[in-house]
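Student: One-letter residues, chain by chain:
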Amino acid sequence: MPDAAAAGRPPGALLAPLRRNVFLGLLPFLVVAAVYLVASHERLAENPQDKLLPSLAQMADAIARLAFQPDPHTGDYVLLMDTWASLKRIGLGVGLAALAGLLAGINMGLLPRVRSLFSPFLTFLSMVPPLAILPILFIALGVDELSKVALIFLGVFPVIARDLMMASGQIPREQIIKAVTLGASATSVIYRIVLPQVLPRLLDAVRLSLGGAWLFLIAAEAIASTEGLGYRIFLVRRYLSMDVILPYVFWVTALGFATDWLLRQIVLRRFRWYAALGGG
Amino acid sequence: MNEARAIPRLLHLEDVYKSYGDKLVLENIDFAVRAGTFCSVVGPSGCGKSTLFRLILGQEPADAGRLFVDGSPVTGPGEDRGIVYQRYSLYPHLSVLDNAMLGRTLPAGFAERRRRAKEFRDEAMRYLERAGLAAHADKHPHELSGGMQQRVAIAQALIKRPKILMMDEPFGALDPEAREEMQLFLLELWEAERMTIFFVTHDMEEAIYLGTRVMVLSQHYTDDRGNGAGARRGARVVADYELPSAVNSTKVKRSPEFAALAEEIRRIGFDPQVLQHVTEFNLRHPDSFQTLRPEEARDPREVA
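Line by line, the protein sequences give chains F and G. Numbered continuously in this note's numbering, the first sequence closes out at residue 431. Numbered continuously in this note's numbering, the second sequence closes out at residue 483.
The set of hints was computed from the structure by calculation and includes no laboratory data. Yeah, the Cβ is synthetic: ideal placement off N, Cα and C, and Gly gets one too.
Derived DEER-like restraints, expressed as beta-carbon distance ranges:
no., chain 1, residue 1, chain 2, residue 2, range
1, G, Ser-224, F, Arg-421, 39 to 49 angstroms
2, F, Arg-264, G, Ser-324, 32 to 42 angstroms
3, F, Leu-262, G, Glu-443, 41 to 51 angstroms
4, F, Ala-251, G, Ala-296, 26 to 36 angstroms
5, G, Arg-445, F, Met-278, 48 to 58 angstroms
6, F, Arg-420, G, Gly-215, 45 to 55 angstroms
7, F, Leu-276, G, Pro-473, 50 to 60 angstroms
Some chain G residues judged to face chain F by a derived CB distance under 7 angstroms, without partners named:
no., residue
8, Ile-262
9, Tyr-264
10, Pro-271
11, His-272
12, Leu-285
Same shape as in the complex, but just chain F:
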């Protein structure tokens, strides 16, 4: 028989105010790092030639070599070159997808006929696994930059367009009618009433689609490329160079995290009303 008093006790943890506890947030990071360091130490103590779990010093060496010393054959700083190549591809792909998604989303959200025309097609398109059409892209567009940017675009665009369609569709009809009584033309309704209101939502949509975009980028670079973060990771895999792979993975993650943080800051600062109304 459960204790009546205990059964009736309010669930305190659920009622406590939501406060961010930085230490609690850091704890999982510390635990993973500690487990890695201990395991790495143990393996290297047994066999100093072991490549599976490199020590921090080994990884630092590898990064110093790739980041701060020019490649002896080409004279390039490899990490910089890889980062620049990857950021260019992902920036171009996501940027174009965001722009196209914004235009398509607003038009579909506001104009019922445009929605009827494109919505089923877009839904269908969004279900195509982008990686499955990567070979088609390579065949049709060649193995250069275009196919990689196209892959990211195709993977990200439907998600953003559908989200922006919903956001535009949710703008109360009253707002649009009122704008017309205030003298707005159709163009000014779109560009001065709707567009500024869905912009923060666009940034949110981009944040959510960045994970997918990096996946498509790494996959495309792994298959056909001569530079890029994904290319390097898959290249050195042949030599079991975990001392390069692990820092590279960490670097890719950090780049994604920083982009997400940056976009969130823009939403919080530039679009304070949006955050105040529950977005962001």
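Using the hints provided, position chain G relative to the given structure of chain F.
Tutor: Positioned in the frame of chain F, the structure of chain G alone reads:
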């Protein structure tokens, strides 16, 4: 056509019908509103007040009938009708001042907006000052109370100097105190500007207190078509009162005449058991008229 209808009125509706699917919402609506009237429309919830509001705005077309604003047929929302809704009147991404300026900045091109920025700003500030909001000009709507938001919405509509200010339950979301304060504010504004206001509410006291005219819209009535199971009736104007211009005191709400009128409206408009015949409607207001089809009243007695 009788004499009252021959004089052009600011707002004129005749034989207006509206249905959604099988449901007939508005049936044979006739009325006119002259300039300077504070016209309240009251009725039970779901009687089609907001539908009527949308038809006058031109947000939706009527199934039949004619609607005129200042002699021109209503074809869509236009700058001659300003709107204040219960919600969504303001744009959340714009500051209070930018919201108030919209009536000037929205129709202007980019170059004109830059050139006349100060003029627009000063004009909007004058309206905000009258609404007592000059100090809040740089805030965003979400930082204001509900009453203040509605003041901004009124200023935003007034900057266009609309022929009619259309208000749909504008104070419906406010607490009683803010509501009373806003009623006084609106009355003062109306008296000072001699505006024409079309004010939809389900609050009878508000309708009587504010209006110089109270129209009762209701689906509870009967006519010569009988009350069989197949009777399909939309709301009509079942009563139309001319009231003395309101004084700037809320005391009038506690007078016996006020209570008697509220009681009468409640009985004929809101009580589903009380079914007046279409020929018995109290349409004494001089701008009121009624067109009846033969099957509705076999012996039509036109009420002027």
